[in-house]
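Q: Listed below, chain by chain, are the residues.
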Amino acid sequence: KQEVTQIPAALSVPEGENLVLNCSFTDSAIYNLQWFRQDPGKGLTSLLLIQSSQREQTSGRLNASLDKSSGRSTLYIAASQPGDSATYLCAVIKNSNSGYALNFGKGTSLLVTP
Amino acid sequence: DTEVTQTPKHLVMGMTNKKSLKCEQHMGHRAMYWYKQKAKKPPELMFVYSYEKLSINESVPSRFSPECPNSSLLNLHLHALQPEDSALYLCASSQVVRAQPQHFGDGTRLSIL
Chain A
11 KQEVTQIPAA
21 LSVPEGENLV
31 LNCSFTDSAI
41 YNLQWFRQDP
51 GKGLTSLLLI
61 QSSQREQTSG
71 RLNASLDKSS
81 GRSTLYIAAS
91 QPGDSATYLC
101 AVIKNSNSGY
111 ALNFGKGTSL
121 LVTP
Chain B
13 DTEVTQTPKH
23 LVMGMTNKKS
33 LKCEQHMGHR
43 AMYWYKQKAK
53 KPPELMFVYS
63 YEKLSINESV
73 PSRFSPECPN
83 SSLLNLHLHA
93 LQPEDSALYL
103 CASSQVVRAQ
113 PQHFGDGTRL
123 SIL
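Residue numbers (the working numbering), protein chains in the order written: chain A, 11 to 124; chain B, 13 to 125.
To be clear, the hints were calculated from the coordinates, so they are not data collected in a lab. Keep in mind the model is a prediction, meaning the values are calculated, not measured. Check each hint, because a few of them may be wrong.
[Unchecked claim] Covered stretches of chain A, as calculated for chain B (at least 3 residues, CB under 8 Å):
#, stretch
1, 37-47
2, 50-63
[Claimed, not checked] In the DSS-like style, the derived pairs of lysine-lysine whose C-alpha atoms are separated by at most 27 Å in a straight line are:
#, chain 1, residue 1, chain 2, residue 2
3, A, Lys-78, B, Lys-30
4, B, Lys-21, A, Lys-104
5, B, Lys-31, B, Lys-21
6, B, Lys-50, A, Lys-104
7, A, Lys-52, B, Lys-21
8, B, Lys-52, A, Lys-104
9, B, Lys-65, A, Lys-11
10, A, Lys-11, B, Lys-53
11, B, Lys-52, A, Lys-52
12, B, Lys-21, B, Lys-53
13, A, Lys-52, B, Lys-50
14, A, Lys-104, B, Lys-53
[Stated by the list, open to error] From chain A, some residues computed to sit far from chain B (all C-beta separations above 12 Å):
#, residue
15, Pro-18
16, Leu-21
17, Ser-22
18, Glu-25
19, Leu-29
20, Glu-66
21, Thr-68
22, Arg-71
23, Ser-75
24, Lys-78
25, Thr-84
26, Val-122
We put the CB at the ideal spot given by N, CA and C, even for glycine.
Same shape as in the complex, but just chain A (with noise of 0.2 Å):
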């Protein structure tokens, strides 16, 4: 079974900050890797799909990179705001006929201080 684990669980940084967010997955099989922002009680918000054969992605201040070969990705923000506070969430899917599950880690919790 794909296991995805984010590292850290939480993270609380000043204003204006970089910072990289960290997710592993167990089975390098997978099909693409997609980073989620989940405000409280909200649903979630796609920020940016990685396929299987790129390397990264980016959107505004967001930027996320895939290494398939060793499992991992980040997400980088660049420049952190008040407003990024929110629990990020990464998923992979699988690479099979039956792979329609989006698998999640369990998020890291993120909070941007003035």
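For chain A, the structure is supplied; the task is to place chain B on it using the hints.
A: What follows is chain B alone, placed relative to chain A:
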């Protein structure tokens, strides 16, 4: 604003009640999903519909009954739920199964008394 709309946003029901959760998307997606999320846990897949047909049932108890009346709507019928079923129920959609990204609604917060 989310492109996947879920109603109601909050639901409180007794264990003997029958209620339904609704999900709607107008993006032309042909895959729709129900997830369950307990507090401080990641979402867990419950059901997958592909072209209005049930593709995946992740061993969900029969007190949860999904229905996909058309390509834009997904329902989750609830009956005789238990207190441990209290959770955030999330609906998602994608163009087709395994086509990403999955777009999520804001969820229905369900409390069972």
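Q: State for each hint whether it applies.
A: Comparing the hints with the structure gives:
no., hint, in the structure
1, 37-47, "holds (count 4)"
2, 50-63, "holds (count 7)"
3, A/Lys-78 - B/Lys-30, "45 Å, violated"
4, B/Lys-21 - A/Lys-104, "31 Å, violated"
5, B/Lys-31 - B/Lys-21, "13 Å, holds"
6, B/Lys-50 - A/Lys-104, "23 Å, holds"
7, A/Lys-52 - B/Lys-21, "10 Å, holds"
8, B/Lys-52 - A/Lys-104, "24 Å, holds"
9, B/Lys-65 - A/Lys-11, "26 Å, holds"
10, A/Lys-11 - B/Lys-53, "18 Å, holds"
11, B/Lys-52 - A/Lys-52, "12 Å, holds"
12, B/Lys-21 - B/Lys-53, "19 Å, holds"
13, A/Lys-52 - B/Lys-50, "12 Å, holds"
14, A/Lys-104 - B/Lys-53, "20 Å, holds"
15, Pro-18, "15 Å, holds"
16, Leu-21, "15 Å, holds"
17, Ser-22, "17 Å, holds"
18, Glu-25, "25 Å, holds"
19, Leu-29, "21 Å, holds"
20, Glu-66, "16 Å, holds"
21, Thr-68, "15 Å, holds"
22, Arg-71, "19 Å, holds"
23, Ser-75, "17 Å, holds"
24, Lys-78, "16 Å, holds"
25, Thr-84, "18 Å, holds"
26, Val-122, "20 Å, holds"
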